[in-house]
Structure formats: structure tokens, C-alpha cells
Amino acid sequence: MSSVASVHSLWTAAAGAPGRIPAPRIEYVQLSPTLIILGAAIVGVLIEAFLPRRSRYYAQVLLSVVALAAAFAAVIGLAAGGFGSSKAHLAAMGAIAVDGPALFLQGTILLVSLIAVFTFAERRLDPVAHGKRVDSFAAQAAAVPGGEAEQAAVKAGFTTTEVFPVLLFAVGGMLIFPSANDLLTLFIALEVFSLPLYILCALARRQRLLSQESAVKYFLLGAFSSAFLLFGVALLYGYAGTVSYAGIAEVISDGARQVDPALAGTMGNDVLLLIGGALVLMGLLFKVGAVPFHMWTPDVYQGAPTPVTGFMAAATKVAAFGALLRLLYVVLPGMRWDWRPVMWGVAILTMLGGAVLAITQTDIKRLLAYSSIAHAGFILAGVIAASQDGISSVLFYLAAYSFVTLGAFAVVTLVRDAGGEATHLSKWAGLGRRSPLVAAVFAVFLLAFAGIPLTSGFAGKFAVFKAAAESGAGWLVVVGVISSAIAAFFYIRVIVLMFFSEPKADGPTVAVPSVLTSTAIAVGVAATLVLGLAPQYFLDLAGHAGIFIR
Amino acid sequence: MNPVYYLYLAALLFTIGAAGVLIRRNAIVVFMCIELMLNACNLAFVTFSRMHGNLDGQIIAFFTMVVAAAEVVVGLAIIVSIFRTRHSASVDDASLMKL
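Protein chains in written order, with our numbering: chain A, 1 to 550; chain B, 1001 to 1099.
Next up, chain A with everything else stripped away, as it sits in the complex (with noise of 0.2 angstroms):
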């Protein structure tokens, strides 16, 4: 075939004499937060390698506060620079963007992960094992739960301090996934910040059998998407001949140029388009929790180690909703009448499927997980927007609702029973009497899930649904509306359960957290009241931080 004989000809030139590859330019400032985050999960390995064992855990724990605090202050001065708005640029030979929303979302991508690591190295809430104190995580992962290596590790009061650079890995991972701006950067960000959760899901101290059946669930289901989002991303290179988002987005909108015979059979091939940007948008879809890809979400959020599970709920959520409107906006606004109605369909679903299957649930893990998939319908309300108002109202809704989330979470892990956490709704009859205070900062977080004015969650939704309204939308805000209502009559049965019936005899018991998990909670108090309450400067923030570079 003559085309095969010219496309041939491309590879015979390049077989002559090598020239010389020019370096990358790399703008180590502008990557600043995710290298100060990986280089300092590198170094927890190494001190997992050299440390004594009695020494770690302080190690870790600082160091791992001091990267995230050192990480968060220079997104402080890169925004402060001016990178969120007049110098936004494509750093790293256009891979990785710049701009204000990847600012903002790498911002609370790190207060969430440092208000996380003060959950995970919570050691008062577990009773102490043979004179030591012991966090949530398994004393010995790869020792058989029941088993005489496990008794061993116990006796000996190990722990698992890895858990502090894994997390780490994690983070740097979700710092670079809002902010990938071409399409292999985002499949790498996925893998890098997904597989240190899957460990992390596996390494319960308690009830290690759902620990580890929640970690190979969503290993299974995870690397699954992964596959169908990398299949979308060749289909999407075969189109554009180039994974570049402004590369992509070019060949969409300009589709009446002229392309190389040769080429013919795939460039500009509009079936390749639809069917890659649907296999890209279901790998996203599958990471923020939508229906129709939601299985996983209840199983994992129970089975996990509650710290992991607040850690997971917040930070995946922000990361995967900040690679989803890049991918919207940026790539595919070419074909915006396309997506937008299955986006539509989607938003329904989420909205509705999650706020009606939480009414069933009988645990409040799993309770929480169906929430926070009602919570991605709500979000997906303001991505269809597809307007300046639509992302700056996701970017106020995705740090209102993790602070909130992370909270919630964090005071699951005090209400105990001889088996661990208490997590059986039953259980939590009457807490409102035990223990007020307990009862109170979970009703706060609860009517901010369930967006009661004052809450953070109001602010959030309220934004979010205007911003879909005003897009003409206005259907979608109506089922929104409604599915908020549903999904406020299982929270209000909550609090109604924690106040106002009687405590059972053999209840649990509310242990006293440490200062780290009393920080957790407070912050997440007051970042629920302060967005509540005042959230303009938020909404300006955010709404500064609207504009994608491409």
C-alpha cells in the first residue's frame, strides 16, 4: 500500500545519524510542592531502613508534618507570585500546569493530607498492647491475621510507621494528577497516588479480614478503570497523533484541516474521539465515586482503616474532580454538546442513587460512603455548568466538603467497643447522652453534609447549584434539590438516633483522643463554621483561581 510506503519513509529518515536530544527544561520552583513531598516520602523509606525501630514513628511523623507544612507554604508563595492568575504557565515541557485551580486544589489537597496524618498517628485511642501504644494500623501487615507471627508482632509492639511515607507517595501523586496536563502525566498520577491506597486500605489493626477484602476489591476494581482510562488514552493519541491537552483539543476544534494521507484512517476519526473520551471519562468517573461506577465505594470506605478511609474520601475526591475539570475544559469543551448530556445523566444517577441507597444502611461507614457519592452527583451539578462560575464553585465545594469529611471521619474512629470501632448504627443509640460533646461535633458535620444554612455544605451546594442553574440546567438542579432532601432525612435520623433514644446498657464506649485527633476534628469544626458562616473571601479565592491555563 503506497500510504504504508509514506508513513514508512518517516521512519527511514530518522534511522540516519542521531542528532543530539536537547534536555528538558524542568522549573524545579514551579514543581516545588510535588518534589518537596516525594523527596521527603523518599526519605521516610530510608529511615524505615536505618532508624531503630522505637525511633521512627517520631521521625516519620515530623518529617511527614514538616513536608506537607513546607509543601503547602510554597503553593503559598507560588500563589502569591502571581502563578494563580497573570503567570500561569506550563511547567516541565508542558506537562504539568500551572494555573489557578491547580493551586488551589494542590493547596487543599495538603492542609486535608496534613490534617490526615494527625488521624493516622493517633496511638491513644487503641487500648495499650503489653505496655505500648499502638495506632490503627496492623502491628505486622504480612503476618496472618490470628496467627503466631501476629501474636509475636503484638507482644513486641511493633507498628507500621511505613504508613507515613506510603501516604506521602499518595499525596504527591494527587498533587500532580489536578494538574496533568497531558494525558500520559495523568495516567502516571493515577498509578501513583492509587497504589500506595490500595496498601494503605490492607493494613487494619482490627477486623483485618474486611481490611484486607476491601484493599483486593478495590485493587481489582481500581487497576480495572485504570485499564479502560489507558485504553481511552491510546484511542485519543491514534486521533490527535499527541497527548498534549492543547495538542488534543486543537485537532478537535479545528476538525476541517488538512491531514496527511496517510493519516486518514485515524487522525480527526471522530469515532476514536467519542469512544476515548468516554473510556477517559469513566476512569475519572470510577476515581470520584459516580454511578453507574460507585461499587467499590461502600466496601473500601467500610473495610479500610478509618484514618485511610477519611484520608481517601477527602483528598481522591479533590484530586480526581480537579483532573476531571481539566480534562472538561480544557481538552474537550470542543465537544461539549457531547458530553454534557451523558455528564447529565451521570450527575442524576449520583445524585439520586447515593442519597436513596444511604437510607438503607445499617453502618455508618458505609452510611458516610454512599453520602459522599451523593456529594460527587452534587459536584458533577457544577462541572456540566461548564462556565468560569461552574469551577470556581467546584474548587469551594471540593475544600468545603473534605475539611467536613475528614472531621466526620475522624470522629468515627473515638466511638469504640471491645472489637474496635463501633461502627454499627445501633451502637450509636443514645450517644447524644454518653457523651454530648462527641454527639454535638458529629451533628455539626452531619447537617453540613446534609447543607443546613451556616454550614460550609450550604455555602457549597448553594454555589454549586446556581452555577448549574445559570448554565440552563435548570432540571438538574431541581433533582439536585430533591435528592438533598432525601439525603437530609438520613443525616437529621442520625442525629435524631444520637439524641433523643435511650443508650443501650453495653454501648460503647467514646475514648479520649490525643491532641492530634482533638486538632483533626477542631479544624474540621471550624473550617465547617467559618465557611458557613463567612464564606465570601472563600468564594473570591476560588473564583480568582477559575481560569485553566491551556
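No lab work stands behind these hints: they were computed from the structure.
C-beta: ideal position from N, C-alpha, C; glycine also.
Hints should not be assumed to be uniformly reliable.
[As the list claims (entries may be wrong)] Quick list of simulated restraints, FRET-style, between CB atoms:
1) A:GLY131 / B:VAL1080: 52 to 58 angstroms
2) B:ILE1016 / A:GLY131: 53 to 59 angstroms
3) A:GLY19 / B:ALA1019: 32 to 38 angstroms
4) A:ILE359 / B:ALA1070: 38 to 44 angstroms
5) B:SER1088 / A:ASP363: 35 to 41 angstroms
6) B:ARG1086 / A:TYR58: 32 to 38 angstroms
[As the list claims (entries may be wrong)] Below 25 angstroms or equal to it, Euclidean Cα-Cα: the simulated SDA-like pairs (lysine to any residue) are:
7) A:LYS427 / B:SER1095
8) A:LYS427 / A:VAL512
9) A:LYS155 / B:THR1085
10) A:LYS427 / B:MET1097
Keeping the supplied structure of chain A fixed, place chain B upon it in accordance with the hints.
For chain B alone, kept in the frame of chain A given last:
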């Protein structure tokens, strides 16, 4: 030979892998099917790379291989740990949590 045939092969392999994930019950086999899907992606990348006459696709294939290797490390660790606990790698047995 027309390179489009390789795309058909890639799509076919990907479909076989996806069907295997949904049908098979052994976690190891499910995992192998996922690897098959990743390799189908690689084939598609390399084919597109040749059709477009640029090297991006071939470089991405190397990245995919590294990712697949990392996934094996994590995945096998998790599957082996659950196998040692339950003496079974069937995904049907892992059903402590239900709707």
C-alpha cells in the same frame, strides 16, 4: 501490511481481557486479564505511533510497562496476603461486606 489490523487485534485483546475480569473468579486470573488489557493498550500505542510517525506512543508503552510492573508488586502482595488468610484466592469468597 496495513497497520490497522494491529488496532483490531488490540481491541480484541482488550475485550478478551475485560470479559475475563468480569467472568473469571480467581483473583490471580482476574489480575492476569487486567495485565492483558494493559498490553492491548501498549499494542494500540505502538501501532498509532507508527501510523502517526512520531515516537510518543512508543515512549508511552515503556511507561505502561513500568506501571504494570509496579501494579504487579502491589497487587500480588495484596492477593497473597488474602490467600494466606483464607486459603483461597476466589473473589466470590471475599464477601464479608454486602450491600
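Here is how each hint holds up against the structure:
1. A:GLY131 / B:VAL1080: 52 to 58 angstroms: Given range 52 to 58 angstroms: violated, Cβ gap about 32 angstroms.
2. B:ILE1016 / A:GLY131: 53 to 59 angstroms: For ILE1016 (chain B) and GLY131 (chain A) the Cβ distance comes to about 56 angstroms; the hint holds.
3. A:GLY19 / B:ALA1019: 32 to 38 angstroms: violated, 45 angstroms
4. A:ILE359 / B:ALA1070: 38 to 44 angstroms: Given a distance of about 40 angstroms, which is inside 38 to 44 angstroms, the answer is holds.
5. B:SER1088 / A:ASP363: 35 to 41 angstroms: 25 angstroms Cβ-Cβ, so the 35 to 41 angstroms window is violated.
6. B:ARG1086 / A:TYR58: 32 to 38 angstroms: holds, 36 angstroms
7. A:LYS427 / B:SER1095: Given that 25 angstroms is the threshold and the Cα spacing comes to 23 angstroms, the pair holds.
8. A:LYS427 / A:VAL512: holds, 18 angstroms
9. A:LYS155 / B:THR1085: holds, 20 angstroms
10. A:LYS427 / B:MET1097: Holds, at roughly 18 angstroms.
In this structure, the hints that do not hold are numbers 1, 3, 5, in rising order.
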